[in-house]
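**Q** Chains as they are written, first to last, in the numbering used here: chain A, 56 to 460; chain B, 56 to 460.
The hints are simulated quantities; they were obtained by calculation from the structure and are not laboratory data. Keep in mind the model is a prediction, meaning the values are calculated, not measured. Treat the hints with caution; some may be incorrect.
[Stated by the list, open to error] Partial pick of chain B residues on the chain A-facing surface, computed with a CB cut under 8 Å:
1) Met56
2) Pro221
3) Leu222
4) Cys355
Beta carbons: idealized from backbone N, C-alpha and C, even for Gly.
There are 2 protein chains.
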Amino acid sequence: MDLASLFSWHGRISRELDAVVDFWLQHSHDEEYGGFFTCLGQDGKVYDDLKYVWLQGRQVWMYSRLYRKVPRFRRPELLQAARAGGEFLLAHARVAPPSQKCAFVLTRDGRPVKIQRTIFSECFYVLGLDELGRATGEPRYQREALAMMEAIVHWVREDPSELGRPLLAGASPHDSMAVPMMLLNLVDQLSEGDAEAASRFSELGGWSAQRILMHVQRDGAAVLENVSEEGEELPGCLGRQQNPGHAIEAGWFLLCYAQRQQDSDLVAQAVEKFMKEPFRLGWDPEHGGLFAFQDVDGLCPTQLEWKMKLWWPHTEAMIAFLMGFAETRDQELLERFVQVAKYAFAKFSDPQAGEWFGYLSQEGKVALTIKGGPFKGCFHVPRALYICEEILESLKRETQLTSQG
Amino acid sequence: MDLASLFSWHGRISRELDAVVDFWLQHSHDEEYGGFFTCLGQDGKVYDDLKYVWLQGRQVWMYSRLYRKVPRFRRPELLQAARAGGEFLLAHARVAPPSQKCAFVLTRDGRPVKIQRTIFSECFYVLGLDELGRATGEPRYQREALAMMEAIVHWVREDPSELGRPLLAGASPHDSMAVPMMLLNLVDQLSEGDAEAASRFSELGGWSAQRILMHVQRDGAAVLENVSEEGEELPGCLGRQQNPGHAIEAGWFLLCYAQRQQDSDLVAQAVEKFMKEPFRLGWDPEHGGLFAFQDVDGLCPTQLEWKMKLWWPHTEAMIAFLMGFAETRDQELLERFVQVAKYAFAKFSDPQAGEWFGYLSQEGKVALTIKGGPFKGCFHVPRALYICEEILESLKRETQLTSQG
């Protein structure tokens with residue numbers, strides 16, 4: 056496969072990004088209370104007005120990032136909606152200030168409905184507000200993001216009691232890969248172009264990367280979602296659980312980190328252990344697409360949706376393989392990118408109504424017609440399209456320089 | 056359809072019950088710690104040794120009930136295993152006595168792993184221990200069951216704070232149909248042949264039945280899983296949610312209650328609103344089988360498995376339609392019983408290894424090969440086969456009496 060055929064994806068990805076952003080601009084803004092509707096049917100109709108804090112924070116991030124980085128999205132309506140979303144979070148996400156604990160889901164007007172005993176609502180609060188601060192230039196958003204980040208790090212590394220999970224004798228503490236992945240992602244966000252923050256979070260970045268690497272098990276042959284605090288394999292389903300899309304997403308988080316650290320060993324590990332290998336095991340040889348869950352011993356997972364094809368493992372794989380190719384020029388990664396992008400555009404994309412379907416059967420048939428829901432918002436699809444567009448542009452520039460040189 | 060063709064199911068159901076019980080006898084007993092393994096693969100191999108309290112209580116109930124009521128199952132090994140399961144629950148289920156709160160899942164040796172902020176672990180604790188008391192004749196099991204029942208009723212009707220759910224401003228209190236269904240089932244269990252208990256729980260039975268009836272909405276056209284405390288429809292996905300198998304299960308719970316109360320209006324409501332109508336809406340016209348979830352407005356549910364065919368809605372429908380037919384002699388119910396039984400025996404039953412698969416794709420293909428897991432144990436399949444066998448025997452006796460009369 057040559058670069059020309061890779062570049063044929065550029066226009067298609069850019070047009071898709073435009074269509075996807077249009078979908079959210081048209082259908083998701085709550086003009087009355089601020090924030091975003093994310094429970095949107097196939098044509099964008101709101102079927103529930105609950106506001107999931109993960110998805111509020113993610114959409115604030117996405118709009119702010121596009122506004123700040125992509126000239127054609129430097130449009131007042133994006134910044135205005137991002138700001139209204141940020142203000143909604145500031146006003147309502149924290150359930151009982153001065154505690155930093157956030158709700159998982161709020162009513163349309165911001166009353167808390169449910170609290171999760173995890174850190175993720177708070178993490179997407181940080182992600183959204185930090186980027187909003189960068190897009191608006193108003194430091195108060197970043198100040199709030201940093202204060203929340205401190206609480207999150209305290210919960211993870213010192214004392215989780217404020218999260219509200221009881222300590223039970225049979226629940227051995229373990230490391231769920233989502234936690235260090237999320238922290239590494241936040242370190243990346245907070246450190247960009249900010250030497251002080253970069254220095255402040257440098258140790259946390261290293262710690263998070265090491266924690267993620269602990270999940271490589273079985274003599275390097277498998278990434279497991281949960282391991283003991285000491286990096287040992289755990290018994291039972293919890294210990295055997297694999298999530299190919301998640302491993303691949305961790306791969307590009309690690310690759311970004313390795314690039315910043317100029318660590319070529321880590322680049323190789325990210326590519327081999329977190330991209331190529333999870334793809335080899337996780338791609339359905341019969342119908343195509345990545346499985347949602349697997350068991351490292353080949354047993355049947357207990358997640359009902361394990362065979363289903365979800366949108367986000369595919370968006371993360373597009374990012375990972377393209378970023379990996381740009382870094383290494385390894386042909387295998389280029390081929391994987393095209394393989395995943397072809398599947399995703401053919402199966403998930405909805406050229407009629409915009410945005411992507413989120414949930415397909417094993418065979419690739421649309422199983423849920425919704426475009427957004429409690430776990431799918433304005434995030435994975437536009438983030439992948441934006442990052443892939445950026446990488447393709449950079450590859451093109453390099454190629455032109457080389458051919459002119 | 057005539058009675059002779061119905062009776063052709065009798066032998067098949069009895070043989071299936073034997074095979075299913077054999078499966079659990081062979082594979083699920085923990086001889087070392089007592090209690091049951093329920094995470095069993097297709098051939099019965101244990102793939103996780105966690106002990107889910109719901110399933111421990113249910114298996115104690117099932118074994119004790121078969122021992123007490125079905126002569127061919129009056130075997131010491133069943134009673135011994137039920138007793139070991141009951142002792143395991145007594146020793147380990149309650150997390151912090153004197154509180155009555157039970158764990159949701161325990162390690163193999165009984166240490167708590169997770170607590171749910173609901174009443175269901177405790178309810179299956181009551182169900183199992185009460186029936187074990189009846190099977191063994193030892194009153195201490197029933198004393199413990201009654202003490203737990205008091206706590207449950209207190210949590211539901213007076214003060215839920217011990218359950219640990221925070222009261223949040225946006226979470227409007229609502230009635231989830233599972234709660235009054237469970238209570239009605241327990242009233243039935245505790246009252247059998249016990250005039251004192253029957254009188255003690257009589258008001259609770261009436262209250263539970265009324266609460267279930269509140270879920271009939273849309274001028275009688277739909278059973279909704281969640282309604283307000285005042286019996287009004289709720290907004291959003293929560294309010295529109297339907298679960299055809301659950302409605303049909305509520306149908307036979309109500310029918311049992313109506314029979315005890317000799318309430319012919321309630322018999323008619325149970326049959327029309329909770330059996331016939333949910334079946335009409337919930338049966339997949341394309342591939343057969345009952346959908347797991349639906350939205351009353353025909354929108355797409357957000358549950359990933361909504362189109363999948365789960366075993367338990369089908370076992371509950373077999374019970375409901377056969378019980379309904381025995382009560383009313385309505386031909387439509389007889390036809391529905393045969394339709395569901397045919398589908399279930401063809402798709403869920405595994406004549407090679409025993410027991411039933413639990414999870415099929417919309418098209419009826421086995422999606423998960425496990426025979427047991429965190430939510431499937433020795434309960435719905437043997438309970439349905441046992442109740443259907445009992446009803447068929449009783450219908451046969453009546454027919455013989457009539458033809459001799």
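**Q** Would the stated hint for Cys355 (chain B) survive a check requiring a Cβ distance to chain A of less than 8 Å?
**A** With a closest approach of 5 Å, the Cys355 (chain B) hint holds.
**Q** When the nearest CB of chain A is found for Pro221 (chain B), is that gap smaller than 8 Å?
**A** holds (6 Å)
**Q** Was the hint right that Leu222 (chain B) lines chain A, CB cutoff 8 Å?
**A** violated (10 Å)
**Q** Double-check Met56 (chain B) for me: the hint is only fine if its C-beta lies closer than 8 Å to a C-beta in chain A.
**A** violated (34 Å)
The structure fails hints 1 and 3 (numbered hints given earlier, in ascending order).
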